[in-house]
Amino acid sequence: MRPDGKSEGLRQAMSWLHTWSGLILGWLLFAVFLLGTLSYVRDEITVWMQPELHRSQANADTPVKALEALGRLAPEAESWTAFLPTERDPSVQVSWRNPGSAAGKAGLQRATLDAGTGQMLHPRATRGGDFLYRFHFELYGLPRLWARWLVGAATMFMLVAIVSGVITHKKIFSDFFTFRPRKGQRSWLDGHNATAVLALPFNFLITFSGLLLLMYQLMPWAVDAAYQGDTRAYFNERRTAAPVFDVPAHAVPVPVPSAGTLHSVFADASALWDGNPVGTVVVQRRDGQSRSIELREAHGQRLTDRGQSRRAIYDAATGERLLAPAAAQPGAAMGVYNVFTSLHLGRFADPAVRWLLFLSGMVGSFMVASGMVLWVVKRLPERKKLGVTPRGHRLVEVLNVAGLAGLFLAVAAYLWLNRLLPATMGGRAGWEIQGFFAAWLASLLYASLRPHRRAWVEILGASAAALLLLPVLNGATGGASLPDSMARGLWSVAGFDLSALATGAILAFIAFKLARHGAVGSKTAPARTAGPGSAPAGVRAR
Amino acid sequence: MSAMPVWTSLAWAFPAFVALAVAMPRHQEELLGRELSTRSALAWRLAGAAGLGLALAACLQAWSLSVGIAAWTGLLTFAAMLVGWLLAYAPHLAMRLACLSAVAGAASWLLP
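Sequences listed follow chains A and B, in order.
The numbering of the first sequence is numbering that gives the first Met the number 0, which starts it at 0 and goes up by one.
The numbering of the second sequence is numbering that gives the first Met the number 0, which starts it at 0 and goes up by one.
Heads up, some of the hints might be wrong.
[What the hints assert, rightly or not] Not the full set, but computed from the structure, chain B residues with beta-carbon under 8 Å of chain A: (1) 5; (2) 70; (3) 76.
These are computed hints drawn from the structure, not numbers from a lab.
Note that the coordinates shown come from a computational prediction; the quantities given were computed from them, not determined experimentally.
Glycine is no exception: its CB is placed at the ideal position from the N, C-alpha and C atoms.
Put together the whole structure using the sequences plus the hints.
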């Protein structure tokens with residue numbers, strides 16, 4: 000029911016819901032969306048933030064070098080694990096478990112190796128892409144449970160905003176390809192609609208699967224009831240137990256599997272998996288001797304089994320294949336859960352699909368941001384009529400600049416500090432994160448002191464400059480420079496630098512357009528909307 | 000996995016969306032310079048649907064069913080955005096680019 004007593008149609012009611020559910024948690028949603036998008040490339044970000052790894056270059060002998068290094072580092076270990084270089088990480092990550100050490104992850108020792116030489120590398124301390132990834136679903140410095148509830152609530156609002164937005168949108172099909180540039184509010188609405196409708200499958204998928212991933216926390220009752228509160232039993236039941244394979248001791252001791260054996264088992268596994276590469280090597284050992292070699296596929300090919308990788312086990316001395324278990328088939332409900340959540344996590348994704356997810360995430364972030372801007376732009380005529388800026392409008396303006404443009408500045412500051420702080424400085428990982436929040440807070444203060452349009456232009460401009468200079472900074476502070484990384488096919492680093500350039504160019508373009516036209520709800524900008532009237536807040540898409 | 004299926008699929012999805020736009024009365028004037036009869040609009044719509052089907056086929060050739068469908072929906076987003084952008088800024092190019100793109104899509108299947 001409206002204040003003026005007229006009855007309200009479904010579309011108006013939905014429009015109201017869309018506007019306000021979107022506004023309340025919009026800034027948080029933008030952070031979740033943008034940092035979640037960056038999480039698709041979190042390994043690449045981490046590698047970029049450890050320039051010590053950039054020289055590592057894999058070759059056919061990498062597994063041999065890695066196991067030889069493990070033979071030197073941990074001759075007595077019960078097991079060795081080597082994560083081989085991928086297109087996302089050029090280095091070899093190894094871990095081992097010494098006899099008598101604690102169970103689980105606590106008992107593992109780790110090292111990072113150069114893929115070409117097997118030499119140990121000492122990357123600088125950093126949280127890398129993991130900080131951005133963690134922030135996108137549990138924020139920072141808050142109790143984990145509360146933060147997840149908050150993000151879960153924001154995700155729920157997002158789902159509400161998507162559904163109510165579709166109902167509100169009158170001409171979803173006839174406006175399908177419509178974008179009318181240089182028309183102020185009209186253009187913002189077209190842009191918001193286009194990014195929302197055309198990317199609707201992604202937007203819906205990512206929001207819905209985000210809720211599914213938080214499901215066990217938000218709705219634990221079903222699992223609690225069926226498993227009498229023993230959640231661990233539920234997850235254990237879902238996990239397929241790894242078969243323990245006992246290879247008897249060899250007559251001739253094998254401390255480290257020979258190069259010949261390794262080459263033959265790698266060739267066998269690759270043939271077994273239709274050419275899909277080996278991602279991980281696990282060697283089971285006893286009394287300082289290697290007994291079996293287990294190879295795992297680099298990444299799975301299907302969504303329904305959560306990209307579970309195939310495995311094969313070999314005798315460490317002869318290279319004879321002992322076992323190649325078939326991947327488990329999940330049930331239908333678990334299959335659906337797996338499809339949605341694997342897409343969200345990008346588990347299976349080869350580079351082409353990962354790029355697609357990354358770009359879709361950027362489009363989604365723009366959709367959220369354009370909605371926030373639209374709230375301000377739509378109220379310009381009303382405000383012009385009023386003659387003053389209501390305090391609430393000013394608050395939204397300031398939070399828009401800090402929450403949208405300021406977040407880019409914060410990420411840029413995080414990356415810059417990674418290279419400007421000394422590599423051996425104590426607590427440097429923490430300082431990088433402090434820098435992220437300091438830049439974000441500074442942009443909030445700055446936005447509250449400057450006129451609205453100037454604040455947009457200047458913070459976007461600063462973020463653009465910081466991002467455009469990242470490839471230069473990378474080359475100057477020990478990382479692989481762009482020509483070098485491209486020539487070597489080091490696409491994790493080259494892709495990062497190129498994406499930084501592209502994002503910086505887009506931000507610079509927006510800042511440039513704003514400086515020239517000032518169409519984003521500035522106090523001085525002429526309201527270049529279609530009709531002269533003050534469109535009531537509820538009327539959209541017309 | 001190479002990036003080839005992405006380009007093949009896009010090469011089909013883009014002209015498919017142009018055909019779907021041609022089937023819409025709103026865009027007929029700027030794309031064809033005339034209005035279409037209901038019958039020929041329906042033909043364009045069917046052609047567009049077929050193009051989207053070919054784009055899906057390209058994805059399914061390269062990926063498993065689940066990844067293929069997911070990649071296809073993702074690619075459709077960008078193909079449709081390209082059409083929207085062209086209609087806003089360079090509508091006269093849309094038809095010509097669509098023809099070129101369809102030829103490229105066919106070529107990527109015929110050539111090994």
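Outcome of the hint check:
At its closest, the beta carbon of residue 5 of chain B sits 5 Å from a beta carbon of chain A; the interface hint therefore holds under the 8 Å criterion. With a cut of 8 Å, the hint placing residue 70 of chain B at the interface with chain A holds, because the nearest CB-to-CB distance is about 6 Å. Satisfaction of the interface hint for residue 76 of chain B is found here, the shortest Cβ-Cβ separation to chain A being roughly 5 Å, below the 8 Å cut-off.
Hint compliance for this structure: no hint is broken.
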